[in-house]
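**Q** Now for the letters of each chain:
There are 2 protein chains.
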Amino acid sequence: MNPDSIAWRPIGVIHSPFPEPAGTPIQGVFAPEAEGVVEVFEEFAEGLRDVEMFSHLYLLYAFHRSGPPVLSCVPFLDTQPHGVFATRAPRRPNAIGLSVVRLLSRQGGVLRVAGVDMVDGTPLLDIKPYVPRFDCRPEASSGWMKADPPRSGTAVADGRFGV
Amino acid sequence: MNPDSIAWRPIGVIHSPFPEPAGTPIQGVFAPEAEGVVEVFEEFAEGLRDVEMFSHLYLLYAFHRSGPPVLSCVPFLDTQPHGVFATRAPRRPNAIGLSVVRLLSRQGGVLRVAGVDMVDGTPLLDIKPYVPRFDCRPEASSGWMKADPPRSGTAVADGRFGV
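If you read the protein sequences in the order shown, they are chains A and B. Counting from 1, position 91 in the first sequence corresponds to residue 91 in my numbering; the numbering is continuous, with no gaps. If you count the second sequence from 1, you need to add 163 to reach my numbering.
These are computed hints drawn from the structure, not numbers from a lab. Mixed in with the good hints, there may be bad ones.
As the list claims (entries may be wrong) - Listing some non-contacts, in silico: residues in chain A with all C-beta distances to chain B over 12 Å:
no., residue
1, Val37
2, Ser105
3, Gln107
4, Pro129
5, Ala157
Claimed, not checked - Cβ pair distances, simulated, as ranges:
no., chain 1, residue 1, chain 2, residue 2, range
6, B, Ser168, A, Ser105, 23 to 33 Å
7, A, Gly67, B, Pro182, 31 to 41 Å
8, A, Gly121, B, Asp321, 34 to 44 Å
9, A, Val74, B, Glu206, 40 to 50 Å
10, A, Arg160, B, Arg296, 38 to 48 Å
11, B, Ala277, A, Ala114, 25 to 35 Å
12, B, Val237, A, Gly108, 34 to 44 Å
13, B, Gly271, A, Val110, 18 to 28 Å
14, B, Gly230, A, Lys146, 39 to 49 Å
15, A, Arg112, B, Lys309, 14 to 24 Å
16, B, Gly230, A, Gly159, 36 to 46 Å
17, A, Glu139, B, Arg275, 12 to 22 Å
18, B, Gly271, A, Pro19, 33 to 43 Å
19, A, Val110, B, Ser168, 36 to 46 Å
Ideal Cβ placement from N, Cα and C applies to all residues, glycine included.
Please model the complete structure; the sequences and the hints are all you need to start from.
**A** Structure representation (structure tokens):
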């Protein structure tokens with residue numbers, strides 16, 4: 001592997017109800033009923049065997065509609081700037097997105113999922129099973145996010161990071 | 164963005180006590196005290212501002228020592244094969260690793276972290292704050308992993324996926 005640059009290619013595409021960055025939920029937890037379809041390309045579909053044994057999955061994807069990277073930004077849930085690595089904002093040096101979704105069903109290479117917070121057409125890079133023993137850390141602090149939780153049941157992007 | 168191929172470059176390097184894939188913990192939860200050092204390259208260090216407000220971080224990195232991708236494999240925690248997207252095995256079509264670590268301290272671009280499960284010298288791609296409200300799903304099922312939890316307090320790789 002060339003350590004200076006790593007090339008990846010999409011293994012599929014994520015279809016969602018959100019055509020544009022503005023209006024897309026900023027986290028799946030704010031739109032738990034928003035359904036999407038994960039289409040895994042046929043050449044990779046064999047890799048999905050037994051994925052339906054898990055109720056939740058990590059999706060890793062490219063923020064293909066975000067603007068150029070920044071090192072500091074005012075995230076959606078605050079009014080103060082933070083280093084981008086202290087936020088989940090999409091304009092990152094490596095624009096990799098990470099979401100936990102709920103798996104509703106699988107048919108071959110097609111997954112129906114709930115809790116999507118990606119723009120329609122997002123390139124899929126990887127799927128990993130979510131395992132509470134590995135991934136659930138209820139004791140974790142929420143950093144600057146504690147100060148200002150959104151009060152409504154939903155929170156959507158205003159387009160500040162989109163292109 | 165060219166949708167056929169996405170190029171990323173490391174933003175830093177992860178130093179760990181594990182020089183080889185064989186012997187590396189298979190998940191950080193099995194080696195919660197294993198300490199590592201995340202070195203973020205100087206040009207990206209500004210992006211770390213306020214990261215120390217969080218107790219836990221996601222590290223995204225390249226599995227630089229894994230073999231070529233497979234679509235099916237026998238993972239460390241089972242004796243049966245599963246599709247690679249139903250496992251956390253490193254030999255994936257896009258070899259992106261994901262771990263939750265505990266942040267011990269930050270000095271400029273250097274983070275001391277605990278619970279590392281990466282091979283020494285792993286190329287770092289991204290850091291995201293772990294936020295329980297977004298990322299903790301205690302109700303998630305553990306799929307095939309339920310059947311065979313490791314009984315000891317630690318579980319390390321046997322080198323089956325390494326190069």
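**Q** Hint by hint, say whether it matches the structure.
**A** Outcome of the hint check:
Listed as a non-interface residue, A:Val37 keeps its Cβ farther than 12 Å from every Cβ of chain B; the least gap is roughly 16 Å. The claim that A:Ser105 lies off the interface holds: its Cβ sits roughly 14 Å from the closest Cβ of chain B, which is beyond the 12 Å cut-off. For A:Gln107, the requirement that its beta carbon stay farther than 12 Å from each beta carbon of chain B is met, with the minimum near 14 Å. A:Pro129, annotated as away from the interface, has a beta carbon of chain B within 12 Å; the closest lies near 6 Å.
Listed as outside the interface, A:Ala157 is consistent with that label: its C-beta sits roughly 15 Å from the nearest C-beta of chain B, beyond the 12 Å cut-off. B:Ser168 and A:Ser105 have their C-beta atoms about 31 Å apart, which keeps the hinted 23 to 33 Å range intact. As the Cβ distance of A:Gly67 to B:Pro182 is approximately 39 Å, the hint placing it in 31 to 41 Å holds. Evaluation of the 34 to 44 Å hint for A:Gly121 and B:Asp321 yields a pass: the beta carbon distance comes to about 40 Å.
A hinted range of 40 to 50 Å for the beta carbons of A:Val74 and B:Glu206 is inconsistent with their spacing of about 22 Å. In this structure the hint that A:Arg160 and B:Arg296 lie 38 to 48 Å apart at CB is violated, the actual value being about 21 Å. At about 33 Å, the beta-carbon gap between B:Ala277 and A:Ala114 stays in the expected band of 25 to 35 Å. For B:Val237 and A:Gly108, the hinted distance range of 34 to 44 Å is not satisfied, since their beta carbons lie about 23 Å from each other.
Taken as a hint, the range 18 to 28 Å is violated for the pair B:Gly271 and A:Val110, whose Cβ atoms sit roughly 46 Å apart. In this structure the hint that B:Gly230 and A:Lys146 lie 39 to 49 Å apart at CB holds, the actual value being about 42 Å. For the hinted restraint 14 to 24 Å between A:Arg112 and B:Lys309, the CB-CB distance of approximately 23 Å keeps it satisfied. At roughly 42 Å, the beta-carbon separation of B:Gly230 and A:Gly159 lies within the given 36 to 46 Å, and the hint holds.
Between A:Glu139 and B:Arg275, the C-beta spacing of about 19 Å keeps the proposed range 12 to 22 Å intact. A C-beta distance of roughly 41 Å is found between B:Gly271 and A:Pro19, which places it inside the suggested range of 33 to 43 Å. The given range of 36 to 46 Å is broken by A:Val110 and B:Ser168, whose C-beta atoms sit roughly 24 Å from each other.
Hint compliance for this structure: hints 4, 9, 10, 12, 13, 19 are not met, and every other hint is.
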